[in-house]
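**Student:** If you follow the hints, you should be able to join the two separate chains into one complex; please do so.
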Amino acid sequence: MDDISRGLTHALQLIVSADPAVMQIIFLSLEVTGLALVISTLIGVPLGAIIGLSSRARARGFITVLLYTGMGLPPVVVGLVVYLLLSRSGPIGALGWLFTPAAMIAAQIIIALPLVTGLTMAAVQSVDPNLRLQMRSLGATRWQETRAVLREARIGVIAAIVAAFGGIISEVGAVMLVGGNIEGKTRVLTTAIVLDTRMGEFDAAIALGIILLALAFVANAALFALQRRAGD
Amino acid sequence: MLVFVTAMSTSIGNLSSTARAAENTALRLATTTSVVDTGLAAFIFPDFERACGCKVDAIAVGTGQALEIGKRGDADVVIVHARKLEDQFIADGHARERREVMYNDFIIAGPKDDPASASTAQSAAEAFKSIAVVKAPFFSRGDKSGTHTKELAIWATAGIAPGKAMPWYNALGQGIREVLLSANEKGAYTLADRGTWLSLRSKLPNLRIVFGGGSAAENPDKDLINRYAVMAVAPDKHPGVNHPLAVKFIQWLLQPETQQKIGRFGVDKFGQSLFYPCAR
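Those protein sequence lines, which keep their order, are chains A and B.
My numbering applies: residue 1 is where the first sequence begins, and numbers increase by one.
My numbering applies: residue 233 is where the second sequence begins, and numbers increase by one.
The shape of chain B in the complex, shown without the other chains (with noise of 0.2 Å):
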């Protein structure tokens, strides 16, 4: 018993020490799945890291609750890729500002044979129409996430409003792999960015990129562009964040060096950037 209470009580020192130190020196960044699944924070993170002599916490979820912690105060910095949910986020001052940090673009993933014949598409719309004609199984995030907010938006450009009451329409509420590796098993279509579709292709050998071409240059519709966002939460609204590093997260975000290596990053392993820079 004495033992058991012993390392207690050090197990509880030690614990409380970690939330004192994560107060002083990390970042805690609220960002959307992509952004660390894909590798991509762990690829540039520690130069940060190094430079600040801090840590940076990253909570990967879905770009709706990356925005609802900040909205809450919980995050210091967010990077998310839904416009309009971010100017929500600005207008109620939770920002006062959203600097874009790089692009890359969403695709529509559907099975080789392409029953919809969706390839033959000239816009994602018309992909999404003839998708919804021979009512081919599509598989949505259904979740708030950027990329969710991004397919009902291109559903609301073909004059669809996919719902329950469409059986071939799923909605799994889960993230973009989740979604993708359970497109690749059901042999459905769905709408991904294409950095997760890259670093996930070789466990999705049943899909390939029905539109959007074969990089983001190629991609015959301008308004699959995929803008991510970062953004500090205003310390007027929530005085607890750590402000100061959080602008100093941004700006080293932002610096040519950082914008280099964040194109740089995948091009070995995929053949092609997984983020296009686009620091302004």
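Here chain A stands alone, though its shape is the one from the complex (with noise of 0.2 Å):
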């Protein structure tokens, strides 16, 4: 209990004398996570949707239970599979991106796309379908009708983005693989807090975990507004 009540005091002093080190760690979480977010939501919401207004069923029925799938990737394996490809011996060894913050958000983007998709697909679904109908009896184009339907399936939507946020801002195994916690250059809250708990710093590793949990919080309160606004 100790342990937690001065990992309490000391994420307040890092919070409060603005830590540069901390800082930067801070700073890079939240660029890889944030680019990686933003990237899987760009291509993953037009792509639910589209899975999720096809016609042809059983196709969909299948690329349901691969997203589905997907959205179990274990961290680990996704890192190792991307830490395989990109190493020099790998096929794109040659862009440099192994241990450097682009292979991170590679990772991260392939376990947080498939929860984009798969949850704005069931979102989509859950629209209700007299909607479609109707607009397109209205003589309304495919695109009209799919922005009609994701306008209406938006909290859903919104709720998708925070479950990929959830998987990726806490996410270690992937990140450690392909960044290697290089100080100053790839070490992010969550590497950091395994470092520090290697090194039995367990009151600078809880430090580090209230400080993610307080991030965490400060985004999906925005995402939250932003889904309240979207329900009025």
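Check the hints yourself; a few may be wrong.
[As the list claims (entries may be wrong)] Here are the simulated lysine-lysine pairs, BS3-like style, with alpha carbons at most 27 Å apart:
| no. | chain 1 | residue 1 | chain 2 | residue 2 |
| --- | --- | --- | --- | --- |
| 1 | B | Lys480 | B | Lys469 |
| 2 | B | Lys435 | B | Lys287 |
| 3 | A | Lys185 | B | Lys493 |
| 4 | A | Lys185 | B | Lys480 |
| 5 | B | Lys376 | B | Lys435 |
| 6 | A | Lys185 | B | Lys287 |
[Unchecked claim] Sample of chain B residues with no beta-carbon within 10 Å of chain A, all distances over it, derived:
| no. | residue |
| --- | --- |
| 7 | Ala290 |
| 8 | Arg331 |
| 9 | Pro343 |
| 10 | Lys435 |
| 11 | Ser447 |
| 12 | Ala449 |
| 13 | Gln492 |
Treat the hints as calculated values from the structure; they're not laboratory data.
Here the structure is a predicted model, which means the values were calculated and not measured.
For each residue, glycine too, the CB sits at the ideal point set by N, CA and C.
**Tutor:** This is how it looks when you write it as structure tokens:
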């Protein structure tokens, strides 16, 4: 219990003093996860809508199972596959991304994309089918129809983004492998927590954990505000 | 949305420029965890970074993983401590030679009351035997690290093949610090390098060194010497590596000033060196 209360004090000290090393770690965490989330959203929301609205039921069933399986991908396996792809001996090693933030973003996109796509698809499917029928009878184009359905399903779509954010901001296995936890370069909150734990610096680890939770709270509060506005 | 996109494109720009800069002026080092976790890396590497005007990107993993990273050409240089695996690495052509940088020694840590009386043993193998006889809990790294490799060698000398069939033997599959902290919680024996032991000792109130003496010089079993070697990844096998910088790094690591500094590390804090220089 002492460790946890010391961790809380430590966390406050780190935040109040704006410790530059910690700030850098926080900033990189937000940058990596933020970019991965934006890219996953830009791809996953339209993709989920297209799949959800597709009339080919059998193909959709198969894709649904694939997507739901993708939601359960173990981050370490994603990390390992991305590592092998980006390794200098791997097929796209020439990019030079291994042990850089770019590799971490790539891994997090792979983790987040099935979540955004799958949950968007589910949200779109739960929209009243009569809406589409009405729109079609009014002569709406396919594009207009999709947009209208997405607007109707926006609460579920934002929930999809929230789920993906939670999945990747707290993820450690993949970023550890492909980022290498290099100080000042690829060290993010989760990998720093692992390092502090390994070093027996439990209160520092708890402090970073509290900062991570606080960040997640702020981000989710923002998304919730967006969701509520969308609901009105 | 526009703000989002602008922020995104600047971020991507920043990231790719970091990646490019890393390509030119960073030395990528895959190293065994003890070098980083004890604080040695932070103590000596800045000198090299100043001298060469570059960054040392240290990736701290177990010896097995460090060599695997080297084998794939993903590191320019490796620092590890498992002689057999190093010889294999060279035999496979991933490096031309190994240079010893420093050593410390392994110790057997165990519960303060030492139920196996391991402290009366004459050798590490004998101490392991006494642990096996009373079936006292033993925590193994179980992760192909240098320490794990050493531990298995000692069991082999003791004529014991530990495994799942022995409930007192636990392969944790974690780093040495987690294993020591867990052993402290559960009152188990384990093998650790003295550097890590010293740097973590204040957090291990329930453990003591049951075999290995007070310093490397006092260790009764000379087989417990733990040698750290550095190897530059061979550029003919892995053309992508920064070989010139790796060679410079090794020269710097072995030069007298660096060697003396390695020997000084930790003396003020722990009363003795965590690593002893042994360049050759």
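**Student:** Let me make sure I understand: some of the numbered hints might not hold for this structure. Which ones are they, in numerical order?
**Tutor:** 2, 7, 10
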